[in-house]
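Protein chains in written order, with my numbering: chain A, 5 to 461; chain B, 5 to 461.
To be clear, the hints were calculated from the coordinates, so they are not data collected in a lab.
Keep in mind that the hints are not guaranteed to be accurate.
One copy or any two copies: either way a pair holds, since identical chains are not told apart in the list.
Stated by the list, open to error - In silico DSBU-like links for lysine-lysine, alpha-carbon gap of 35 Å or less: (1) K276 x K370; (2) K128 x K200; (3) K84 x K359; (4) K276 x K420; (5) K12 x K271; (6) K14 x K237; (7) K185 x K195; (8) K420 x K237; (9) K185 x K276; (10) K185 x K359; (11) K403 x K370; (12) K185 x K12; (13) K14 x K267; (14) K271 x K14.
Number of protein chains: 2
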Amino acid sequence: MDLCDVFKTKKIGDKIELEGWIRNNRDQKEFGFIDFYDGTTFDTLQIVYTNELSNFDEVCHMLMGSAIKVVGTLVESNGKQEYELKPDKIELVGECLGDYPLQAKGRPTREFLREIAYLRPRTKTFQAVFKIRSLAAQAIHEYFQSHNYVYVHTPLITTTDCEGSDQMFKITTLDMANVPKDSDGNVDYSKDLFNKQTYITGSGQLHGEAFAMAFKKIYTFGPTFRTENSNTKTHANEFWMIEPEIAFCDLNGLMDIEEEMLKYVVKYVLDKAPTEIDFCDKFIQNGLKEKLEKLVNSNFVRITHKEAIDILLKANQKWEFTPNYDSDIAKEHEKYITEYYNAPVFITNWPKDIKAWYMKVNDDNKTCAAVDLEVPGAGELMGGSQREIDMDILMQRIKENNVDASVIDWYLNLRKFGGCYHSGFGMGFERLIIYLTGIENIRDVIPFPRTPGSCEY
Amino acid sequence: MDLCDVFKTKKIGDKIELEGWIRNNRDQKEFGFIDFYDGTTFDTLQIVYTNELSNFDEVCHMLMGSAIKVVGTLVESNGKQEYELKPDKIELVGECLGDYPLQAKGRPTREFLREIAYLRPRTKTFQAVFKIRSLAAQAIHEYFQSHNYVYVHTPLITTTDCEGSDQMFKITTLDMANVPKDSDGNVDYSKDLFNKQTYITGSGQLHGEAFAMAFKKIYTFGPTFRTENSNTKTHANEFWMIEPEIAFCDLNGLMDIEEEMLKYVVKYVLDKAPTEIDFCDKFIQNGLKEKLEKLVNSNFVRITHKEAIDILLKANQKWEFTPNYDSDIAKEHEKYITEYYNAPVFITNWPKDIKAWYMKVNDDNKTCAAVDLEVPGAGELMGGSQREIDMDILMQRIKENNVDASVIDWYLNLRKFGGCYHSGFGMGFERLIIYLTGIENIRDVIPFPRTPGSCEY
């Protein structure tokens, strides 16, 4: 039986059998306490054992981390919980040796725990983080599925990429120590498995657009890769992304969806993981719960990039980067804007020259129908746009951005064959988890993070 | 509004506005019929327009595949459906040019449609297949989430792999035309992004086991890669896999889970996609629906590998491959066994020498606690095992199988630190979709398939 089901369905007097692990074992002369958990719920069950147990001495010496099987009866507790377990039998299933890295006294640092990524999910912090990660993933699926979206598995191996191939990992079956070359000295990819140069993808958007032209509403949810050699708290080389794409949807419609989806996910996590959220609130980010509840009940603000720059320029503040109508906004600006409104803020109509080639150019020919969502305390959480469907403008933008049109001829054809106005956005899943848990470093929201110079486990 | 919501909530006399595409347009002198769809449901809505429309001539010439917006009233229909749409207005949103590859007369072959993978999701066959794929994915998530599993994103970039690295793609940021070498002439991976040789994974199992030792019940669901240079109907180089791992679970417990999960998924698809299943039954695999309903109501058989060989040897049948107690069973054997029982069959306790190193060796020291699920008409759908946790046996198996123990020291440590008996299985998601749709070729259940020599789009 799972411990979470015990808490849901069992009452005082019920006999139960459980298997799980010892979080803590304090023995006294004639009795002892085991904090028991099995990972199916954040809570532990207290086992109060006495020397009536035939193996009392053995139980007293069972170390933290050991796997045990326990049979007993739920009895009234004097502690915080409704009941505790009076065991008839405690059996060692798998011992935990004395050099267990988590047995050290005191609270281990997150830096230390990163070094033992295979054990850290057993700690309270990472039980909370990875449970919230799992629930948030489910919330995303439930939101989109219940709103008639089709989940599409866009390919990871690809010959092209909408963000440019300089950021992509090459993949190959060739012998790296002895790469075959053609007579011009170029790599002879005809000997590679796909007979051409291939990468692992940085975005499924282009393929997603093809499916939006068939199913109207689609989303992707899968791993994504960037080669960025950047060791910051917010960059990883492997991360998960959600990329919805919606036909017959303009920029305003897109913002409606982003807002509704985010509120749904946050509410879902608040509802399903109240104990985990309380823990994160207490030990990771004070005020987390209030922050999340506020988001659910707020109205997201919608302003243009120009209006944002107006506000920043009027601010009585010294900027490291001077706000500029033609430029991106810096982290300090994002922070100011969200604090100014004290709410999540959509910033729309960005200068086209700093945005991607596939975004719809506005009539002013200076801005494009792009939107970033800035969230208090987290910065940019989603980025999206209406897509360019005017073939002349699209070809012009492709040229300006040095995109190889020949490998995306199929994508361009989407405009010829019943193409319609459509929009989509991308949300980095780890950014969402950082927001939901209050954890600061992306390495602490990914089970086994991959960052430059670090590919352990 | 989505067409599926129209069908769910609207009645005769209701005024509606829809955007979508023309599946078919037959115009007569004074009126015409448009089969309208928007991809949110398999069904089409018939629009019956007359020359009362101000742009009647234009509408008559709107080609199949064009995107339109239509405003009108639901009226009684003489056709199969409850109602049809009497339009006040039909507006062209995006035209479909005359060289539209899907406009060709007759039913295009699946081989032809593979060549236009970006357009094929618009056809009835692929609307059914990819909707069923999306629903099956959701069913899997719902099954595991509602049974207290944690969804874990195991890493795709890895330095090791439980199935052996000879089947893995290398990934790199090095310049392939000019690979840096050390003084011994070996590739100098210290110059690569992770400072070592890395691959993209063929399984998340080992990492999944680490999380099962923290959360008891976990599952993965993500893309997986194999370099197999094999052009068959069942092989692709990129596919999705589900890998649950359960602590305190033996082989019998594992089979219970596999059976319950599969029935849940099949029932979910039957319930949520009855029209799509009917279509597949009629046009892809006759008897599909009956096959699926039968599975939901069947009891899966459980036999050992030895019992399976006994049956095969007693069979009055000429085998291409002679059944053998020490060997794997061939496709012809799988077929015979499932027909013999006329039900899904779990085959357990395989010769250890033909199975993976991490599978628990049985007391006979000849067989291991592995299980394959053979399904009528689909062959092997899942493969799993109880895992070896005896360190001496495990080290012996690692040695026999030439696995590099040094890169999986963390995995071996799981046995030292509260390790317990545990089991897990893998299910190829595409095999499931082949089973659910009756489609024969794996290339037709993946949005953009990757197979040797073929990485298009």
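Ascending list of hint numbers which this structure does not respect:
Violated: hints 1, 3, 6, 9, 10, 12.
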